[in-house]
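Student: Taken in sequence, the protein lines are chains A and B.
So the first sequence is numbered by our numbering: it starts at 11 and just counts up by one.
So the second sequence is numbered by our numbering: it starts at 11 and just counts up by one.
Incorrect hints may have been included.
To be verified - Which chain B residues face chain A? A few, computed with CB under 7 Å, are given here:
{"no.": "1", "residue": "T17"}
{"no.": "2", "residue": "I18"}
{"no.": "3", "residue": "L21"}
{"no.": "4", "residue": "V24"}
{"no.": "5", "residue": "R25"}
{"no.": "6", "residue": "W28"}
{"no.": "7", "residue": "L29"}
{"no.": "8", "residue": "I32"}
{"no.": "9", "residue": "K36"}
{"no.": "10", "residue": "I51"}
{"no.": "11", "residue": "I54"}
{"no.": "12", "residue": "T58"}
{"no.": "13", "residue": "S65"}
{"no.": "14", "residue": "P70"}
{"no.": "15", "residue": "T74"}
{"no.": "16", "residue": "L77"}
To be verified - Simulated DEER-style distance windows between Cβ atoms:
{"no.": "17", "chain 1": "B", "residue 1": "G37", "chain 2": "A", "residue 2": "L93", "range": "27 to 37 Å"}
{"no.": "18", "chain 1": "A", "residue 1": "T56", "chain 2": "B", "residue 2": "E179", "range": "37 to 47 Å"}
{"no.": "19", "chain 1": "B", "residue 1": "N152", "chain 2": "A", "residue 2": "R46", "range": "52 to 62 Å"}
{"no.": "20", "chain 1": "A", "residue 1": "K122", "chain 2": "B", "residue 2": "Y143", "range": "52 to 62 Å"}
Hints listed in this document are in silico derivations from the structure and should not be mistaken for laboratory results.
The C-beta atom is built at its ideal place from N, Cα and C for all residues, glycine as well.
Protein chains: 2
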Amino acid sequence: MNKDWNTIDFLRHVRHDWLNKIQLIKGNLDLNKPDRVKEIINEIITETKQEAKLSNLDIPQFATKLLIANWENYHFRLEYEVLAEEKCQLTEDDILTSWITLFFQTLNQHIKPFADNHLFISIHSMEEGLRLYVDFNGVLVNTESMSSFLQQPFPKHLVVENTEISDKELVFEVWMNREKTGK
Amino acid sequence: MNKDWNTIDFLRHVRHDWLNKIQLIKGNLDLNKPDRVKEIINEIITETKQEAKLSNLDIPQFATKLLIANWENYHFRLEYEVLAEEKCQLTEDDILTSWITLFFQTLNQHIKPFADNHLFISIHSMEEGLRLYVDFNGVLVNTESMSSFLQQPFPKHLVVENTEISDKELVFEVWMNREKTGK
Numbered sequence: 011m012n013k014d015w016n017t018i019d020f021l022r023h024v025r026h027d028w029l030n031k032i033q034l035i036k037g038n039l040d041l042n043k044p045d046r047v048k049e050i051i052n053e054i055i056t057e058t059k060q061e062a063k064l065s066n067l068d069i070p071q072f073a074t075k076l077l078i079a080n081w082e083n084y085h086f087r088l089e090y091e092v093l094a095e096e097k098c099q100l101t102e103d104d105i106l107t108s109w110i111t112l113f114f115q116t117l118n119q120h121i122k123p124f125a126d127n128h129l130f131i132s133i134h135s136m137e138e139g140l141r142l143y144v145d146f147n148g149v150l151v152n153t154e155s156m157s158s159f160l161q162q163p164f165p166k167h168l169v170v171e172n173t174e175i176s177d178k179e180l181v182f183e184v185w186m187n188r189e190k191t192g193k
Numbered sequence: 011m012n013k014d015w016n017t018i019d020f021l022r023h024v025r026h027d028w029l030n031k032i033q034l035i036k037g038n039l040d041l042n043k044p045d046r047v048k049e050i051i052n053e054i055i056t057e058t059k060q061e062a063k064l065s066n067l068d069i070p071q072f073a074t075k076l077l078i079a080n081w082e083n084y085h086f087r088l089e090y091e092v093l094a095e096e097k098c099q100l101t102e103d104d105i106l107t108s109w110i111t112l113f114f115q116t117l118n119q120h121i122k123p124f125a126d127n128h129l130f131i132s133i134h135s136m137e138e139g140l141r142l143y144v145d146f147n148g149v150l151v152n153t154e155s156m157s158s159f160l161q162q163p164f165p166k167h168l169v170v171e172n173t174e175i176s177d178k179e180l181v182f183e184v185w186m187n188r189e190k191t192g193k
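Go ahead and model the full structure; you've got the sequences and the hints to work with.
Tutor: In structure tokens form, the structure reads like this:
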């Protein structure tokens with residue numbers, strides 16, 4: 011899973027993603043659906059704005075993990091949004107990155123491959139701390155192991171709370187209190 | 011000029027380039043010019059095909075130099091095409107990369123900043139060797155130095171030939187004979 015992305019491979023993935031978008035526009039133009047094309051373009055612009063916001067949070071390792079997640083052959087598709095945009099701290103980057111890496115791997119082991127698995131992460135970085143709202147929809151094959159994973163103690167100041175789990179959905183929040191990490 | 015591209019910056023550049031294309035499509039849609047939109051989309055697809063061909067030549071360092079050249083703040087805009095597509099050799103990658111790096115820097119020093127400077131490179135990789143057709147259009151402020159640069163001896167087996175130079179155009183070919191480099 012830990013590929014050593016070199017520039018060429020990297021650009022190949024990006025090019026592939028963008029060409030898909032262009033083909034979608036082209037297809038709808040050919041079907042003479044200019045309104046659908048405008049919708050698609052607005053969706054693309056919204057998506058790139060979220061990418062830009064994520065890139066500006068000053069947590070480059072964590073941001074990179076999310077930005078390239080859909081090229082990593084996980085059995086889920088990731089989407090994210092960034093709502094509040096208070097800059098983060100460098101120490102938070104390490105903690106969050108270790109945690110999300112472990113979470114992606116664990117989730118990947120406990121879901122049904124090739125099912126319609128979607129992971130949505132909403133990121134709120136506020137003055138008092140950082141909160142992630144995590145929402146997985148799809149097929150969980152081992153809810154108990156997944157539950158145990160989320161109940162284990164995590165690196166300092168990272169708290170998982172409000173967990174709800176079934177075989178079709180997993181919802182929880184991750185909270186890091188900025189006062190405690192010494193802002 | 012030698013920026014240490016990290017992933018975030020890298021994706022920022024790519025995103026910026028693609029958003030420009032999307033905005034161009036959006037603008038022409040708003041002007042109710044679907045035919046122009048289709049032209050733009052075909053240009054985009056052609057361009058990405060050239061990127062893919064360049065990426066498949068097995069000269070990753072050289073390919074990267076060309077792929078990221080337009081993010082490097084040179085005073086020229088680079089375009090390229092790949093015609094013949096015989097795979098290259100690893101030793102050619104080092105030689106070509108050293109040479110193109112030096113050429114980009116030298117050209118950049120000898121052209122008028124902010125003029126309409128275009129550099130076009132056509133790459134032909136054939137059984138018998140690799141040929142680059144280089145064509146610069148713009149404003150050269152020092153044709154003599156540029157000439158001397160092109161006349162100096164280059165790394166083994168890299169030959170610059172058929173040079174024509176004026177203050178508005180510079181054309182030459184780079185030739186590397188594959189029999190000599192020991193295929």
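Student: Please name the hints from earlier in the document that this structure breaks, with their numbers sorted from lowest to highest.
Tutor: Of the numbered hints, all hold.
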